[in-house]
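Listed here are the chains, written in short residue letters.
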Amino acid sequence: MVIATDKRHLEFEIDEAVYSMECIKKSCYALMAIGNSEISTLTNHQILVKMAILQEVNQSDAEIRQLLFDELLDYSLRESISKQTEGVRNVILANAFSRSRLIG
Amino acid sequence: MALAKRFKQLDHFSLETTGAYNLLPFNFHKLTAEKYFCANLVGEHLFLTQQELKKLVGGTLPTSSDTYLELKSKHFLYGLDSDAAIDLLALKFRTKHHRIAQFTALHIFVVTLRCDYTCQYCQVSRRMEDEGDFDMSHESAEASLEMLFLSPAKSVKIEFQGGEPLLNFELIKFIVETALAKNISHQKNLEFVVTTNLSMLDEDVLDFCEVHGIYLSTSLDGPKDLHNRNRPKASRNGYETTVAGIRRIQERIGPDKISALMTTTAASIEMPREIIDTYVELKFHSIFLRPLSPYGFAIKTKQAAKYNSERWLEFFKEGLDYIIELNQAGYFLVEQYTRIILRKLLTAENPGYVDLQSPAGIGISVIVYNYDGDVYASDEARMLKEMGDEKFRLGNVHNDTYEQIFSADSLLEGLEETLVESVPMCSECGYQTLCGSDPVYHYATQGDVVGKKPLSFFCNKNMGVITHILNLLQEPKTRKTLESWI
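Protein chains in written order, with the numbering used here: chain A, 1287 to 1390; chain B, 443 to 928.
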C-alpha cells in the first residue's frame, strides 16, 4: 500500500506475514536502477520501504509500485521453490561432484 | 553413528515429501505479465503462465495435466512413485560441468604491443610501430609455452595478439614451431589463430599460415567510411587494406581460414544493416555484433560512454532481424553471440565462451601471456593493466610456477566470489544457465568483481539479448532459421 508520496519519494508499507524481509530486500535490490531504498521495520509486522526515485526515471508512481509488487510476488515464489528444494539440491550437487576430482 | 566433521549430517540431505509431487530446483524469469521462462539446474526449460507457476509451486498442479507431464519429463519435479530423476539430474549436472576440469583452452600470446593503427576504441593501449621495448622475447615465449603445456586441457588454442602481432612475425613462427615440436610428446589438439589488421600480410605470412593450418582473425567494422573512421591508419586506407587481405586469404588459403570481428561505436550504432551488408559482400557467413569493451583508449577517448545498453540492444535487435531476413532469403549468415546462446539453450553442449560461464572464464577458459612475461587472467585483465590496474595480474612466467599462477588469490577470489549460483540476482535468475559471470568487467566498471547487476551493462545486455532470442523462437519460421545455426 502506498501510504505517502512526495515529489519523487515513495513509501510502501508491506506486511511481513505476506512477504518476508528477505523478499523485500531482494525486490528493492532488483529495482536499484529505479531508486534507492531504505528499509525499516515498524510495529505489527509491517515493513517500511522508503524509495528515493532516481532523477532519470520516467515511470509514474503507480508503475513503480506495480514493479515493486511484481518483484515481491516473483521473489516469494522463488523463496518457496528454494525452501522446498533445499534438501534435494544438496543431494544433486553431492551426487554430481562425488568422485569427480573437482572437490577435495 | 556420528559422522566425521568434514561430512554434513544426514538431515542436510533429507528429502521432504508433501503433496502429490516434489519440486526439483529451478529458476524463472518473467517475460510478460502472463508468461514465465523456467529453467532447471541444467538448463532444461519451458514456458509457464503465472497461474501454472503458482499452482506448480503451491503443489496443486493436476498430475494428469500435460504441463505436469512436461515438467516431470524435463526434471522440474518428481512424482511419489520414483526419485530416479534426482540421480539423472545429478548426472546431467556433472556432465554440464565436466569441462571445468579440462582447463585452460585458450592461451593468448601478446607478441608485441606495437601497432600501425590508431584506433579510437583500442582497448589495449597500443604503442608506436618503432617502440621495440614492447616486443615479447624468445625467452618469455619459451617460458610461456612451458606453462601452456602444463594445462590439463586436451584441446588448446594459441591466439597471437597485439598491438599488431604480425609486426613480430618472426616470434610467431618461433612459437608455432616450438609448440608443434613440444606437442609431439604432449599430444594435445593444437590450433593457432593470428588476430591481425592484415596490413603486414605478405607471401611469407600466407605460406606459413597455409603450411601450418593457421587461422586469421581480423577487424572489420563495416562500410569504408565507418571502418576508416573507427580504425584510422596514418598514410594508408585501412578499409582497402583489410578487404584486400581478406580476399587474398579467402582465395589463397580458404574461406574458412579468415574471420572478422566488428566493434560497435557510436557511429556504428545507426547502421546495423550497412555493417551486415559489408560482411555479406565479402562472403562471410558469420558476424559477431559486439558492444565496445570499456578498457584502454575506449575509456580515454570516452567512446565507451557514448551509448547505453538500451541503445545497443536496439542496434542488436535490428541487426539480428536483418540477419534472419537474409537467411530466409537464401544467404546463410550466423550471428555468433546468438549462436552461443542457442547452443546453451537448445543443446547439452557448453560452448565454453569466456564471458558466459560460471565459474567465470578467467583462468579456466583463457590465460594471457603478455609481451613482458606477465600472466593475466584474461585479455580484459591485461587491458586493465595497461590502464594502470594490476588486479588480475597472476604472476610472471620467469618468476612464478604454474601452481603459483593458477592459485593466485586474485584468480581464485575472482572465481569463487562471482559464481552466478551465489551472487545477488543471478542466483535466482531464470537465465542463469544461459548467462555467466564476468568479474573483470564488473571490477573495471563498478570497482567490484560481483557488481550490482541492475546497473550493469553486461547484465542488461544479456537479459535483453536472451529475452529477444526467446521471443524470436516462438515464431516457427524464425525458429527454423535459428535452429540451423546450431
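Keep in mind that a hint or two might mislead.
With a cut-off of at most 30 angstroms between alpha-carbon atoms, the simulated DSS-like pairs for lysine-lysine come out as follows [stated by the list, open to error]: (1) B:K516 / B:K922; (2) B:K472 / A:K1311; (3) A:K1369 / B:K497; (4) B:K496 / A:K1369; (5) A:K1369 / B:K894; (6) B:K477 / A:K1311.
Don't read these hints as lab results, they were simulated from the structure.
Hint check results:
no.	hint	in the structure
1	B:K516 / B:K922	holds, 22 angstroms
2	B:K472 / A:K1311	holds, 19 angstroms
3	A:K1369 / B:K497	holds, 16 angstroms
4	B:K496 / A:K1369	holds, 15 angstroms
5	A:K1369 / B:K894	holds, 25 angstroms
6	B:K477 / A:K1311	holds, 24 angstroms
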